[in-house]
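A.B. asks: Throw the hints in and build the complete structure from the sequences for me.
At position 62 of the sequence shown (counting the first as 1) the number is 62 in the working numbering, and the numbers step up by one without a gap.
Check the hints yourself; a few may be wrong.
[As the list claims (entries may be wrong)] With a cut-off of at most 20 Å between alpha-carbon atoms, the simulated SDA-like pairs for lysine to any residue come out as follows:
{"#": "1", "residue 1": "K222", "residue 2": "M40"}
{"#": "2", "residue 1": "K222", "residue 2": "R212"}
{"#": "3", "residue 1": "K222", "residue 2": "S17"}
{"#": "4", "residue 1": "K153", "residue 2": "I97"}
{"#": "5", "residue 1": "K153", "residue 2": "F101"}
{"#": "6", "residue 1": "K153", "residue 2": "V98"}
{"#": "7", "residue 1": "K148", "residue 2": "L87"}
{"#": "8", "residue 1": "K153", "residue 2": "S30"}
{"#": "9", "residue 1": "K148", "residue 2": "L160"}
{"#": "10", "residue 1": "K153", "residue 2": "F84"}
{"#": "11", "residue 1": "K222", "residue 2": "L210"}
{"#": "12", "residue 1": "K222", "residue 2": "G211"}
{"#": "13", "residue 1": "K153", "residue 2": "R94"}
{"#": "14", "residue 1": "K148", "residue 2": "R88"}
{"#": "15", "residue 1": "K222", "residue 2": "P31"}
{"#": "16", "residue 1": "K153", "residue 2": "G91"}
{"#": "17", "residue 1": "K148", "residue 2": "A85"}
{"#": "18", "residue 1": "K148", "residue 2": "R94"}
{"#": "19", "residue 1": "K222", "residue 2": "M45"}
{"#": "20", "residue 1": "K222", "residue 2": "T19"}
{"#": "21", "residue 1": "K153", "residue 2": "P31"}
{"#": "22", "residue 1": "K153", "residue 2": "A85"}
{"#": "23", "residue 1": "K153", "residue 2": "R88"}
{"#": "24", "residue 1": "K148", "residue 2": "I97"}
{"#": "25", "residue 1": "K148", "residue 2": "L159"}
{"#": "26", "residue 1": "K222", "residue 2": "L21"}
{"#": "27", "residue 1": "K222", "residue 2": "Y22"}
{"#": "28", "residue 1": "K148", "residue 2": "V98"}
{"#": "29", "residue 1": "K222", "residue 2": "F44"}
{"#": "30", "residue 1": "K148", "residue 2": "G91"}
{"#": "31", "residue 1": "K222", "residue 2": "I41"}
{"#": "32", "residue 1": "K222", "residue 2": "S30"}
{"#": "33", "residue 1": "K153", "residue 2": "L87"}
{"#": "34", "residue 1": "K153", "residue 2": "L163"}
Simulated from the structure, these hints should not be mistaken for lab results.
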Amino acid sequence: MGIGESAAILAAGVWASSTILYKRFSHHLSPLELNLCKGMIAGFMMLIAMLALQDWQSPQQISSWYWLIASGILGIAIGDSAYFAALRNVGAARTLIVESFAPAIAGLLNILMLGVYLSLQAWLGIVITTVGVLIAVKPKQLLPTVEKQIYYKGLSFALLAALCQAAGIVMSKGAMQEEGVSSLWAALIRLLSGTFAVALVIAWMREHNLGRAIRMRGVEGKRWLFVAIFFGTFIGLWLQLVSVKYTDPAIAQTIFATAPLMVMTIGFAKREPITFNMVLGGCLALVGVAVLLLG
1 MGIGESAAIL AAGVWASSTI LYKRFSHHLS PLELNLCKGM IAGFMMLIAM LALQDWQSPQ
61 QISSWYWLIA SGILGIAIGD SAYFAALRNV GAARTLIVES FAPAIAGLLN ILMLGVYLSL
121 QAWLGIVITT VGVLIAVKPK QLLPTVEKQI YYKGLSFALL AALCQAAGIV MSKGAMQEEG
181 VSSLWAALIR LLSGTFAVAL VIAWMREHNL GRAIRMRGVE GKRWLFVAIF FGTFIGLWLQ
241 LVSVKYTDPA IAQTIFATAP LMVMTIGFAK REPITFNMVL GGCLALVGVA VLLLG
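C.D. replies: In structure tokens form, the structure reads like this:
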């Protein structure tokens, strides 16, 4: 297992842990406001880390800047916001099912955008992992019915999120393979681009409050929000870019897709109920990841 795969596993782990904390603040700030808040704080953390590590490996080619800025706007501004919108419309279960197809989308975009083809073994690993995640996140009971218009709207948002997040990963790879850009610089440019785009949307939409997002007004337990941002966004996004730099985007995205399984593992450790589907899907996903890593 190489650096890229190890970083992807760690990224999925810290994102799974921080997701549990982020849920606590979803009722204090709107999805866009929370997206902006975490982007600003994590960006400041990255600047401090950059100065502490004396990392000056910024992109030298203008094309690399274009790749990373577009990656941030697609993956963070549009992708994350569409993900939050899908959660609001159709819930976590349906959203996670659609999100499970992000690795396959990344593999196809890898071919179209970068001209890179995966081996048959890698595709087999992606398929096995995706099926495992789908089985694991299958609801324990029938999902509540939703209005048809809201249902299709929510699924459209979930598909848009999967497409944009996969495209963002592939674009990041395109920037870092052109020249020796550090993963921290790539993460910072990507994060700030997406955060700035979200800020423009919030300023334009009347139902959101830019000042509330910046000052975190009405947010209780701010220290836990800082913990979630430190691990989930600062460390998680940095590790994500490290993984993309050293391995194929589709393989990295497949490992990221196991984050829901890690959330379930944390829940099991907290003595939350576990189902047969969770165990079967988790084992199958582990087999899929093993096939990827052995390949």
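A.B. asks: Does I97 sit within 20 Å of K153, going by the straight-line distance between their CA atoms?
C.D. replies: Holds. K153 to I97 sits at ~15 Å (cutoff 20 Å).
A.B. asks: Assess, step by step, whether the Cα of K148 is no farther than 20 Å from the Cα of R94, and give holds or violated.
C.D. replies: Given that 20 Å is the threshold and the Cα spacing comes to 14 Å, the pair holds.
A.B. asks: Can you confirm whether the C-alpha distance between K222 and L21 stays at or below 20 Å?
C.D. replies: holds, 11 Å
A.B. asks: Straight-line Cα separation of K148 and L87 no greater than 20 Å?
C.D. replies: holds, 16 Å
A.B. asks: With a cut-off of 20 Å on the C-alpha distance, tell me whether K222 and P31 pass.
C.D. replies: Roughly 17 Å separates the two Cα atoms, so the pair holds.
A.B. asks: Given the proposed pairing of K148 with G91, does the C-alpha separation stay at or below 20 Å?
C.D. replies: holds, 14 Å
A.B. asks: Take the C-alpha atoms of K222 and I41, compute the straight-line distance between them, and say whether it is at most 20 Å.
C.D. replies: The hint holds at about 12 Å.
A.B. asks: Does the alpha-carbon distance linking K153 and R94 stay inside the 20 Å limit?
C.D. replies: OK: K153 and R94 at ~12 Å, within 20 Å.
A.B. asks: If you draw a straight line from the CA of K153 to the CA of F101, is it 20 Å or shorter?
C.D. replies: holds, 18 Å
A.B. asks: Do the alpha carbons of K222 and R212 lie within 20 Å of each other, as the hint requires?
C.D. replies: The hint holds at about 13 Å.
A.B. asks: Between K153 and R88, does the CA-CA distance stay at or below 20 Å?
C.D. replies: Since the Cα atoms of K153 and R88 sit roughly 11 Å apart, the hinted pair holds (cutoff 20 Å).
A.B. asks: Given the hint that K153 pairs with P31, does the C-alpha gap stay at or below 20 Å?
C.D. replies: holds, 17 Å
Consistency note: the structure conflicts with none of the earlier hints.
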